[in-house]
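Asks: Chains as they are written, first to last, in the working numbering: chain Z, 128 to 556; chain Y, 231 to 485; chain U, 121 to 422.
Be aware that a few hints might be false.
[To be verified] Sample of chain U residues facing chain Y (criterion: CB under 8 Å; computed from the structure):
| # | residue |
| --- | --- |
| 1 | 219 |
| 2 | 221 |
| 3 | 282 |
Rather than coming from a laboratory, the hints here were simulated on the basis of the structure.
All C-beta atoms in this analysis are idealised placements derived from N, C-alpha and C, irrespective of residue type, glycine included.
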Amino acid sequence: MGDENFDAIVIGAGPAGIACAYTLAKQGKTVLVIERGDSAGSKNVTGGRFYTYALEMVDRGLTAEAALERKVTHEQIMMLSGNRAISVDYYDPSFNRVGGTAQSFTILRAVFDPWFAGKAEEMGATVVCGIRVDDVIEKEGKIVGVIAGGDEMYANVVVAADGVNSFIAQKAGLIKDIESHAVAVGVKEIIELPAQTIEQRFNLKSEEGAARLILGCTEGIHGGGFLYTNKESISLGAVFMPEEVARHGRSLPEMFQEFKMHPAICPLLEGGKTVEYGGHLVAEEGYRGIPKKLYREGFLVCGEAAGFVVNLGYTIRGLDLAVLSGLAAAKAILEAASPAKVGPAYMQQLEAVKLLPIMRALDGFTDALDIPNLFGTYPKVAADLFQKLYAVDGSVPDHLRKQIWGVVKGNKLTLRQLFADGIRGMKAL
Amino acid sequence: MSKVIACYKWVADETDIKVNADSTLDISKAKGKISDYDRNAIEAAVQAAGALGGTAVALTFGTPKAKQSLKDALSRGPAEACYINAEEAARADGAVTAKALAAAVKKIENVSLVVCGEGASDTYARQTAPRIGAVLDWPVITSVSSVRFDGNALIAVRRLEDCMQTVKSELPAVIAVLPEMNSAPIPGLKAVLSAGKKPVTEFKAGDLGVDFAPKTTVSALKAYAMNRKSVIFSEGEIADKVKELTAALRKEGVL
Amino acid sequence: MAGIYVYSDKKDLAAELVGFAKGCGKRAIVLTFDERAAKDLSNSGADKVCLLKGDSELVENYGKSIAHLLAEQGAELFVVGATVSGRDIAARVAGYLDCAMVSEASSITYTDGKLVTERMMYGGSVQQSEVLEGLCVVTVRAGKFEAISGAAEVTTLEISADTRTTLVERKDIVKEGADLSVAERIVCVGMALDKREDLQIAHDLAAVLGAEVGCTRGVAEEKHWLPVEQYIGMSGAVVKPKLYLSMGVSGQIQHVFGIRDSQIIVAVNTDPKAPIFKAADYGIVGDMYQVIPLLTKTLKGA
Ligand SMILES: Cc1cc2nc3c(=O)[nH]c(=O)nc-3n(C[C@H](O)[C@H](O)[C@H](O)COP(=O)(O)OP(=O)(O)OC[C@H]3O[C@@H](n4cnc5c(N)ncnc54)[C@H](O)[C@@H]3O)c2cc1C
Ligand SMILES: Cc1cc2nc3c(=O)[nH]c(=O)nc-3n(C[C@H](O)[C@H](O)[C@H](O)COP(=O)(O)OP(=O)(O)OC[C@H]3O[C@@H](n4cnc5c(N)ncnc54)[C@H](O)[C@@H]3O)c2cc1C
Ligand SMILES: Nc1ncnc2c1ncn2[C@@H]1O[C@H](COP(=O)(O)O)[C@@H](O)[C@H]1O
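Just need the whole structure built from these sequences, with the hints factored in.
Replies: Here is the structure:
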């Protein structure tokens, strides 16, 4: 076997896989990363905002070298209803300063991933792109290697970092095929615009950026939109529950097109050129979506393959958690005294890097977001209310309480339901 | 052992070329790739080396950026690679390219066959192979759709517009192959891994004793403007779209 | 004799190139290996027709001698018809002369005594202009210039051949389809076609339109469902019909290059973002398996 036996084989050159490979290679381990895309990030249009603490945990100072877009200083929420829009802009320049490194950046995967993969290569990892892993090789109950591009390749440990709906974890028997309610479908476009135009439209200083989450753009369907400003482009996307889209007799491209044409969104994109378009699944269940077992002897699952993503409505966090889990996997491989101990060590590391604690703490959001009214009725209620407040035509306005009640009733909401959703939301948090 | 050279060019991927508003071009962000038909050339050289009992050598002339192509080329089967690393490659025309490649072929020594792609994806000039042949004063066969060997003879089938020609030539020779020659396989994992371990010889511009001054001066480069009506029927029932289309075509008088 | 030297294995193309040379106000000297062509070209308006004679049946074998001839005669330009063997000879000559060469120029003009050419790059998406000085070689496709008439003397010239390459056999390509380059209407099939039998829907439409069936490269070279002569594009046939209608063709630049001179371009594709729609005059976003039979039916009914 000689040449073909690695300390570790990592499947997938996303943030999880690369963080793992980087850390292992830095400690002198022989690592092979296999990525099916023609280059790291080439098959991945997802994501847009990245929290930098995770990179700093992998290696101090890494953020300073990273291929990033804009520092997020404007956190925004937008609610749409019909042609109307309500926007909240939380500006915090201090997000730009935490220990000299901005808290979060917007990123383009086609730029960030190759940079990160290049870093791992500098550390001595071998990254092979354009080849898909088709299966794992099992011997005496252990995973001992992979089959890829028609060849067999062996390693002491195989790390599945192949993203949502992990085919490899399925092959290893750790997860079943994903159920449709557990995943949402995300669509995303990258729209090119000159830096100056972006800065004008979003009121940004140079290098600063906005991250905007959008509710009410999904016709009541569980989901939401997002918009991130990059250096010279905008990442615009939306996440929908596929079942509901089908039930509404709609199609994703159609709904996304309408979202783009919304009078409050369209002017932001005007004159821009779509340079990339892609769809991707995203795990929706947060902590509860994590498979029961994340390892077998000779095998670990990390990143979104392990369900490490939280969709909070006001932000999606998958990239930072992916990096943390890759780091945890590497640390476990490095410290475990025997192959059999790698798995349990991984579980400990997931606690130590605070990944599992973070996910537990954010668990309730899944329930809060399960309130169907959140995606259609409530944005409409809010917009109706603003309309009542801001519409001045010389007539005598109703009493505020009456106005509110009128809006609530007009939207066929009962007090009981409002109350129930409120409780549900509170409990969830 | 005799050597079979596969000439391949590292080109900008044409699908990544951006057109600026003033119809000038931005090629800076384009990813590189091995010119499409050169993948067939590499495969043809590997097969020919097998048939001749020689070794296949991948040869490219490019800027320092082309270095990243070596692993890709080697994963496609050649036993070694040879890289002419010269900034001058960015401005090279057919004359310079052929002279540089021919000079490398001489340096490599003991070459029995040089295989080029029929045309590069960027220039599609289809002149490099005959020009290399002229510089070396070797026989050249272009537009080759299949080839076999008989001792020191090469028998090739050429595709012309109206006929297939079978010609016989002696080695050493230069051939330019059509993509129909073979289906260049996608390299497997082991091939990719072993590529990193294969030997690479690098020549600098100065090593070759070639005049790198191009004979042509590029005076302008601009995007081709597509001026079409682009009336697209996308909404509604298929039957209506078909009706609208036939009506439009009738009006154009092309039915 | 100084002037522009012209060669093409297609005599009509050679005549067009003479037209170009004379249009530049230069002397035109035609080189040919074919006695009949020499006779015909003696009325092409050229100043001289040289019938070349040597020991090889392969015209490519005369590259080196032609290079010598041009240098000796003080030729200003060697313009060659862009056919397979024309391109080959042209490049050999340029190689032996170590001079500039522009392949398949879309335009050539003399500006301030210098030759300025334009040609396509990157599959046809980019146009490059070049300035050439001294003796150089340019190839040109058919149809770029008008032939003229006028008598010329024919002289015969013995010329030596490189005999290392010999012709073993020559087999005419039996054209299964019609010559697409002169077709008035073309139905073009792309890789969206599921299986060979489905070609029938293209043939059915072609029948009512009175069209020929062409295809993209993959259909011919990967699937082998149509002969290679039937594929359209940069490395295939360049067409200029009144009507070109494609089904399941994405419209990559190399294919579009071959259809740009069509009068009307129509595309049917399921993907509204397919590049073919940018190259088309009319398009239907839809499944060709539904659209095409319906179109055939509608046209039949009318
Ligand atoms: C629309 C959308 C928007 C999002 N926005 C954000 C955001 O703003 N911020 C954030 O933090 N997160 C965001 N996320 C989530 C985030 O993108 C993911 O959680 C994150 O990418 C997971 O990283 P990973 O390394 O685990 O997997 P991935 O990034 O998915 O990488 C997996 C890699 O494995 C490769 N691969 C898969 N199968 C194989 C195989 N068999 N063989 C070889 N290679 C294989 C893939 O090509 C891919 O490169 C978003 C997700 C979606 C869908
Ligand atoms: C140097 C070079 C030279 C080349 N020369 C040529 C050339 O001369 N000629 C040529 O053709 N190509 C050439 N190519 C290849 C070219 O780049 C493209 O790959 C090729 O033209 C694509 O063929 P296609 O459109 O049939 O297939 P695809 O690109 O696979 O497109 C299929 C299309 O069908 C659509 N579709 C799928 N299902 C349906 C349906 N049911 N109904 C309707 N639409 C459907 C899809 O949306 C897609 O757009 C060349 C490439 C290179 C690199
Ligand atoms: N810079 C280069 N390095 C190596 N091979 C080249 C280079 N340029 C052209 N070639 C070869 O020559 C063929 C034809 O190129 P061209 O004449 O430019 O169309 C290509 O397919 C390659 O095989």
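Asks: Against chain Y, is residue 282 of chain U within 8 Å by beta-carbon distance?
Replies: holds (7 Å)
Asks: Identify whether the interface hint at residue 219 of chain U stands, where standing means a beta carbon of chain Y within less than 8 Å of its own.
Replies: At about 6 Å, which falls below the 8 Å cut-off, the nearest Cβ of chain Y leaves the hint on residue 219 of chain U intact, so it holds.
Asks: Holds or violated: is there a CB of chain Y closer than 8 Å to the CB of residue 221 of chain U?
Replies: holds (5 Å)
Going through the hint list in order, the structure satisfies each hint without exception.
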